[in-house]
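Asker: Please construct the entire structure, taking both the sequences and the accompanying hints into account.
Number of protein chains: 2
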Amino acid sequence: MERYEDFWDITEAALRSAVMQLKIDASDAQLDRLMQAYLCPSEFLDARPALDALKGVPLAILSNGSPRMLESAVRHNGLEHYFAEIISADRVKTYKPSPRVYALGTEILNLPASEILFSSSNSWDAAGAKAFGYKVCWCNRSQGQMEHLGFLADVTVLRLDQIAACL
Amino acid sequence: MERYEDFWDITEAALRSAVMQLKIDASDAQLDRLMQAYLCPSEFLDARPALDALKGVPLAILSNGSPRMLESAVRHNGLEHYFAEIISADRVKTYKPSPRVYALGTEILNLPASEILFSSSNSWDAAGAKAFGYKVCWCNRSQGQMEHLGFLADVTVLRLDQIAACL
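If you read the sequences in order, they're chains A and B.
Just so it is clear: in the first sequence, position 132 is 132 by this note's numbering, and no numbers are missing.
Just so it is clear: in the second sequence, position 8 is 8 by this note's numbering, and no numbers are missing.
Read the hints as simulated data drawn from the structure, not as lab findings.
These numbers come from a predicted model, not from an experiment.
Don't take each hint at face value.
Copies of the same chain are indistinguishable here, so a pair counts whether it falls within one copy or spans any two.
With a straight-line Cα cutoff of 35 Å, these simulated DSBU-like cross-link-like pairs (lysine-lysine) come out [to be verified]:
| no. | residue 1 | residue 2 |
| --- | --- | --- |
| 1 | Lys135 | Lys93 |
| 2 | Lys23 | Lys135 |
| 3 | Lys55 | Lys23 |
| 4 | Lys93 | Lys55 |
| 5 | Lys93 | Lys23 |
| 6 | Lys55 | Lys135 |
Answerer: Right, here's the structure in full:
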């Protein structure tokens with residue numbers, strides 16, 4: 001449709017749609033509480049050790065989340081000092097796996113894609129980043145199968161704190 | 001990713017992915033038989049009466065299916081004489097709900113979108129067609145809820161043979 005809506009609005013629409021389809025009787029106040037939870041997700045236990053192990057390497061977030069969601073999630077966990085950039089797909093009003101979003105990483109970090117290790121736990125995101133040209137690490141926490149999308153991650157780890165060893 | 005693959009290849013990749021994820025032990029010969037079934041789907045019982053009721057109105061198919069899949073499905077059911085055009089998204093190498101695909105209908109029929117009744121049983125397709133500008137009929141066979149995508153069909157029917165009455 002090419003009608004961009006930001007990730008906060010899409011998340012709320014998806015929540016309301018799921019509640020309706022499952023015939024769950026949820027009040028607006030309850031839905032609002034669930035939405036607020038998206039602003040303060042808990043960090044995975046391996047996140048901080050992973051970030052510490054990467055000290056000295058410029059780190060950036062490149063996410064489909066809206067700027068408010070990303071900033072809130074990072075601040076809630078006290079992780080803001082780790083990141084040089086927090087980049088939302090909102091800047092180009094479309095979503096990964098569009099190459100326009102992946103291009104934000106190279107443009108803003110001012111580095112070629114081949115010099116950036118792009119890490120994601122979503123295999124479709126790993127494939128999209130690889131198609132764009134990044135070096136790619138897939139964090140396969142759930143030990144699932146990589147989706148067959150024509151592009152494979154360069155390296156697969158099971159936990160975030162294994163990423164530093166890939167550099 | 002913006003890497004077009006035709007619908008036949010995507011269908012086969014999706015089938016193989018589903019089989020793998022569900023750990024089904026299927027031979028290549030079995031998968032091939034399932035794929036062949038996509039070339040000869042059975043018509044819905046209301047399809048022919050619906051097409052007969054629309055005689056005199058130029059009819060076209062606009063589908064994400066590959067040209068071979070569409071032609072085979074129509075021919076298998078002996079419906080080819082009903083259609084002025086069989087248009088595949090393959091012509092523009094992307095898929096609905098991209099407006100580039102919906103534009104094929106207006107370009108090839110040489111009519112403004114507002115003079116074409118676009119009918120679909122997929123509510124995302126009905127919403128995408130409405131966003132493009134068509135008059136839209138949603139054939140809601142399963143009596144489900146229209147997805148909340150910001151655009152509603154102009155009219156909803158439960159069976160194809162109710163479409164003619166919408167003109």
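Asker: Now, for every hint given, state plainly whether the structure supports it.
Answerer: For each hint, the structure was consulted:
Proximity of Lys135 to Lys93 under the C-alpha cut-off of 35 Å is found in both arrangements, the shortest distances being 24 Å within a copy and 27 Å between copies. In this assembly of identical chains, the alpha carbons of Lys23 and Lys135 lie at most 35 Å apart only when taken from different copies (30 Å versus 44 Å within one copy). For the identical chains of this complex, Lys55 and Lys23 are neighbours neither inside a copy (48 Å) nor across copies (41 Å), given an alpha-carbon limit of 35 Å. Taking the shortest Cα distances, Lys93 and Lys55 sit within 35 Å of each other inside one copy (31 Å), while across copies they are farther apart (44 Å).
In the homo-oligomer, the alpha carbons of Lys93 and Lys23 lie at most 35 Å apart inside one protomer (32 Å), although the nearest pairing across protomers, at 38 Å, exceeds that limit. Within a single copy, Lys55 and Lys135 get their C-alpha atoms as close as 19 Å, which meets the 35 Å cut-off; across copies the closest is 57 Å, which misses it.
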